[in-house]
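> Protein chains in written order, with the numbering used here: chain A, 80 to 572; chain B, 80 to 572; chain C, 80 to 572.
If you are wondering where the hints come from, they were derived from the structure by calculation, not from laboratory data. Just so you know, these numbers come straight off a predicted model, no measurement behind them. Do not rely on the hints blindly, as some may be mistaken.
Identical chains share a label here; the pair holds if one copy fits it or two copies do between them.
What the hints assert, rightly or not - When the alpha-carbon atoms are kept at most 25 Å apart in a straight line, the in silico DSS-like pairs for lysine-lysine are as follows:
id, residue 1, residue 2
1, Lys566, Lys202
2, Lys549, Lys535
3, Lys202, Lys252
4, Lys549, Lys566
5, Lys396, Lys364
6, Lys394, Lys321
7, Lys452, Lys327
8, Lys401, Lys202
9, Lys202, Lys327
10, Lys396, Lys549
11, Lys399, Lys327
12, Lys401, Lys480
13, Lys364, Lys252
14, Lys364, Lys450
15, Lys566, Lys396
16, Lys321, Lys202
17, Lys452, Lys480
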Amino acid sequence: MLTIKNLKIPKKLRLPSWKFCLPLIATILLMWAEAALHQTTDSDPGEQLDTINTIWVLLAAFLVFFMNAGFGMLEAGFCRYKNAANILTKNLLVFAIATLAFWVLGFALMMGDSFLDVIGGLKGLFLLNEQGFSEYKTKITIPLKAAFFFQLVFAGTAATIVSGAVAERIKLKAFLWFSFFLVALSYPITGHWVWAPNGWLKQLGFVDFAGSTVVHAVGGMAALVGAWLLGPRKYLRKEDDKMVSRYKDDGIRVAIRPHNLSMATLGCFILWLGWFGFNGGSLLKADAEQISHILLTTNIAAATAGLTAAFTTSKLKYFKNKPELSMIINGVLGGLVSITASSAYVELSAAAFIGMVAGWLVVFLVGYFNKLKIDDPVGAISVHLGCGIWGTLAVGLFSNKDRLCTDNDIKIKTFIGICGTNFNGIPFQLVAQLIGIVAVLGFTFAFSWVTWSTLKARIGIRVSDEDELKGLDRQLHGVDAYHGFEKKEKISG
Amino acid sequence: MLTIKNLKIPKKLRLPSWKFCLPLIATILLMWAEAALHQTTDSDPGEQLDTINTIWVLLAAFLVFFMNAGFGMLEAGFCRYKNAANILTKNLLVFAIATLAFWVLGFALMMGDSFLDVIGGLKGLFLLNEQGFSEYKTKITIPLKAAFFFQLVFAGTAATIVSGAVAERIKLKAFLWFSFFLVALSYPITGHWVWAPNGWLKQLGFVDFAGSTVVHAVGGMAALVGAWLLGPRKYLRKEDDKMVSRYKDDGIRVAIRPHNLSMATLGCFILWLGWFGFNGGSLLKADAEQISHILLTTNIAAATAGLTAAFTTSKLKYFKNKPELSMIINGVLGGLVSITASSAYVELSAAAFIGMVAGWLVVFLVGYFNKLKIDDPVGAISVHLGCGIWGTLAVGLFSNKDRLCTDNDIKIKTFIGICGTNFNGIPFQLVAQLIGIVAVLGFTFAFSWVTWSTLKARIGIRVSDEDELKGLDRQLHGVDAYHGFEKKEKISG
Amino acid sequence: MLTIKNLKIPKKLRLPSWKFCLPLIATILLMWAEAALHQTTDSDPGEQLDTINTIWVLLAAFLVFFMNAGFGMLEAGFCRYKNAANILTKNLLVFAIATLAFWVLGFALMMGDSFLDVIGGLKGLFLLNEQGFSEYKTKITIPLKAAFFFQLVFAGTAATIVSGAVAERIKLKAFLWFSFFLVALSYPITGHWVWAPNGWLKQLGFVDFAGSTVVHAVGGMAALVGAWLLGPRKYLRKEDDKMVSRYKDDGIRVAIRPHNLSMATLGCFILWLGWFGFNGGSLLKADAEQISHILLTTNIAAATAGLTAAFTTSKLKYFKNKPELSMIINGVLGGLVSITASSAYVELSAAAFIGMVAGWLVVFLVGYFNKLKIDDPVGAISVHLGCGIWGTLAVGLFSNKDRLCTDNDIKIKTFIGICGTNFNGIPFQLVAQLIGIVAVLGFTFAFSWVTWSTLKARIGIRVSDEDELKGLDRQLHGVDAYHGFEKKEKISG
């Protein structure tokens, strides 16, 4: 069938409105400021830049950047074909938004010279002035811009985690605004607490190596609040031809199925690969012995988690005693999330254990959140919030004292005078971990609630019932992601 | 339904013809030559090889190689399902062809010791004699073979750009021959002008850091000539059951839609990742400070371009005021193309501006080329030629004098005595940029026109109407790329 | 259409059975052992660890890890949609299994201090005791854990090769058990012979640089035995409504077609990329000159093989004189497999020749194995076993004496007193290569036959006819990999 379109484009193709002129003018002003401020050499004479460390961190950053593709494939694959283009649009734009938000403000707040120890400074806006990061620069041996790039891809990860949980019903605009605020404000503030040289949680002894809490649980918490405020996906009830919640009052829910498990599996492999950068790069230097150890703990936890999830689902009637691919994928990811906080501090056997628990936890939590009628199309909350918390606690349970306490960035004496536990003392570290989890996630919860609620009141966060039924691709983007293929038309579930 | 095939293969499965024996014999002769010529150590005693630089450049080359997968997914995804296998065959073989063409001849022409300053030598054919690159080797601190590999993946990119614009109607053989000549002759000659130690455009002061013009606009120009000579895709007009141009006389065109936006988005992510290697590796050394800066300008331009494209389409009636995923993808790519020439020389804010313009430019140009009835199924001409030119001009508009003039490879004084502009003088650099663009693209236009025309006359470049209607996969490859799925049969548009 | 599911999950969601408690308890015991044994510093004082070498090897390992995604996409794409989730489940879990098997036992057997020169020691189980690798550690300049990681991704490759050849009819459990034993026992034993410092084949002069035999032919042989014992895929014969072999008695076979060539091509690109790590990393150090050479031989062989396969199929009536994408893909892979053994030792022209032969060989062998009624859905046996043997022989035919004999790891004098051949002597090296191929593949054949047969007798290796007809996804996993798309229902072929 042929469709005809009118070609009269270019009339309107001037810069289309004043809204566009604001960023344009801002950018031009910024160019002048930058030209005025620019120092010929970015680096101070006293700095010790290490090329090998830089290459390692940049390699790791590339892998983490590539996780955007992984999340895109995973999330789109887990949803219905009718929303695929919408999800991919979100996942493509969210990294662009994160780039701007982190450049404009986020990085300055997170790693800039500190203001009352709970927030970074504003001297580093737009990376205009590298002097605004004087404390942070003493801690790294790579260029500030390399560190920015690495931190940026982490911030982008936190934002993209949200995308999956709110998929198939969120307004694109609301999601993008939320992502902007998350990366510009909330993520950097809590990140400052834990990772900035003088963050208060760091000083207190809270340890989160590569971000089980700082990145994943934060993303998962923002996702939880979003999914909760959005409400569950709807289906077309035949009896009265109305769109109603997929969670019925009788405890039964309408099954909604992934449209492309091949894509989702590709996403899982890309994410697994990306995690080698996520954890391996978080040392911010190329210590051969340590990064090798980190890669092994990371990989072993992923392996045991995936196998545990496969085993668990094949023993559960709910899954008809069949190994469930989407659960195995989420199991692997749960294992990776859970080893993130401790990958540099635990032995291989502990990594295996942490992964096993995570593989089971994901299966359990996916069921649990469904019971709570929190609708998470891709299981992001279970994977990132649930296993993020588990992984952060695991630092307190399984860390090897020698590994933990020789980490330059961690004070030998934490607030309770003991660093690490490894079965040789009461796990005081666990207390620090609990405090950190509560503080970071408490803040993120409050921020997310306020932001999502404000967006809901101002511009609305949920698409119309008609858009949801007919598919966001057709309704909001005017496309069919799989043009030419015959599809089941009434794909509510 | 079952299809039965006869198994009588192996009779014919000797080497099938004399055509095959020619390359076989050539290869054997080459082996003898190589055995005779081979020096035990490839490296001269005086050379300073730097392992760290080599690893960085090879890492970058891997990322650029992977862009082949990105282009494959992007181009196939943007076309119709019935031509997917054909496009992927092209994209797979084109890198193989480029490898041979660049090994046999291209690299020698491009970087070999120079002959009248406008063309490289022939002493470096088949990389048999490293002495043929004596000037080039003084400029690099990595093994010649590493430099070859990096330059090869760039040359392959130029060739694969063409693939998208001529898709869905070109003869495979014609495309492969054109690619061979492009990579063996045309690309190396213009590349020599700009990037070889004594290229005349380099000496004149023309600057193109990583190839907005040398790679992208060249590929885009070859694509433009190809798409123009091929003519637009056709559809089956119902009234008279004839295949006619999709551009109707009344200014209306038949819409032809992407068959898989998920694949195309994956392609975009892979290309974005690949660009970190494209620009980051083009220093050919691992200067920590500089590569970090380059990665940031690259990423920021991609981000602002993607957002601008999203914003622009959502303000245009033509796109029904909806953010259009395929335009966002092309916007991101346009931003990346446009920052390529200047990524090492401009500040972050200028990168943001360059990207914004590119994001709008792509949307405008796609409409414009349609108006010209140049049919480009994937928007390659707009992205690579259009934004390539814009990016090359941007060097003259926004370069920071300090960054530009400290680049070892650029003479402090260009032909007009001034290096860089950065608002502190009349932009003479812009003149050099214009000369370079006209020279390189003029040559490429002429070469492409002669080559495509010759191919058209000799072997034909366009498939038959029947093949185009029924799909190249079924007709020319005997396959269905998505066997088992129900498809809309008459998918002309 | 809506499907309703009952939500009563969590009752059963305790750890589901005693089977699960065994590994849990084992892991906890292991944690105690590790805590007791752990040395604060992993590295001995005398060790010379090289960070640059480590980064290079880890980068290579990442690329090889990513080959899991490549194999997943390739294998799933080459099979029918109804088995896609099953194949992807296999490919995801097989690396998890390989991780455990190689950590628990495999690596100790392969590289541990030797026991009678034919098998590694048991002192290195679980990597608990780095002292168990004292000989191996003197040969490497990277941390043992980095070497483990690199060897692990190789072992995983061998296992995942099997997956494709037994696809569409194997029981998941049987495949996973076989993979475990392959990686824990068989692969490490033969690997020890060739790659361990005192392996008997190494001492004899057998050379296999990156594993044409050690990895690919081993995987291919295990695949061959598996596919043979499984029997060919079946189709529903209309006459009597029975499931019968696709190979009919009259020499005709039922065609079974790939369901997604786009995915398969993506897989090919990922594998091509991965091979740069596979071969480039196998030096286990970052010698700039050598790795650059290796990358070029690798790439050139892939290119000539792909082109040869395209040319060959377009000259054969069987392929209707059309270039066949799946054959081109397998051609590229065959070229890569065949250059693996010799990539460090041959000149570029020889690489071109080796690839040309491989591209033709794959086409020939795919036909040949079909004639033998060995059903290999993805051509893995032809690619990995066939081209693996060819590549290993090529070391004896084309190696440059200078390159081969300066390799530190190869004795200047092999058992027959001559190292390398390169046209300057009778190819005695070829004899060593033949001995090695026979020994390694003989052992692997025996091991595979015993293991597959035992599994067949104990738990069965083939799914039921009904499962095969209706698709493993629906029957064994309860999913549809492409939910929402209309498919041809009776897709036997």
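> State for each hint whether it applies.
Hints and how they fare:
no. : hint               : result
1   : Lys566 with Lys202 : neither (54 Å within a copy, 58 Å between copies)
2   : Lys549 with Lys535 : within (22 Å within a copy, 46 Å between copies)
3   : Lys202 with Lys252 : neither (30 Å within a copy, 59 Å between copies)
4   : Lys549 with Lys566 : both (13 Å within a copy, 20 Å between copies)
5   : Lys396 with Lys364 : neither (47 Å within a copy, 51 Å between copies)
6   : Lys394 with Lys321 : neither (37 Å within a copy, 32 Å between copies)
7   : Lys452 with Lys327 : within (9 Å within a copy, 53 Å between copies)
8   : Lys401 with Lys202 : neither (56 Å within a copy, 38 Å between copies)
9   : Lys202 with Lys327 : neither (52 Å within a copy, 58 Å between copies)
10  : Lys396 with Lys549 : between (33 Å within a copy, 22 Å between copies)
11  : Lys399 with Lys327 : within (22 Å within a copy, 36 Å between copies)
12  : Lys401 with Lys480 : neither (41 Å within a copy, 55 Å between copies)
13  : Lys364 with Lys252 : neither (38 Å within a copy, 42 Å between copies)
14  : Lys364 with Lys450 : neither (44 Å within a copy, 53 Å between copies)
15  : Lys566 with Lys396 : neither (30 Å within a copy, 28 Å between copies)
16  : Lys321 with Lys202 : neither (54 Å within a copy, 67 Å between copies)
17  : Lys452 with Lys480 : neither (41 Å within a copy, 59 Å between copies)
Of the numbered hints stated above, those contradicted by the structure are hints 1, 3, 5, 6, 8, 9, 12, 13, 14, 15, 16, 17, listed in ascending order.
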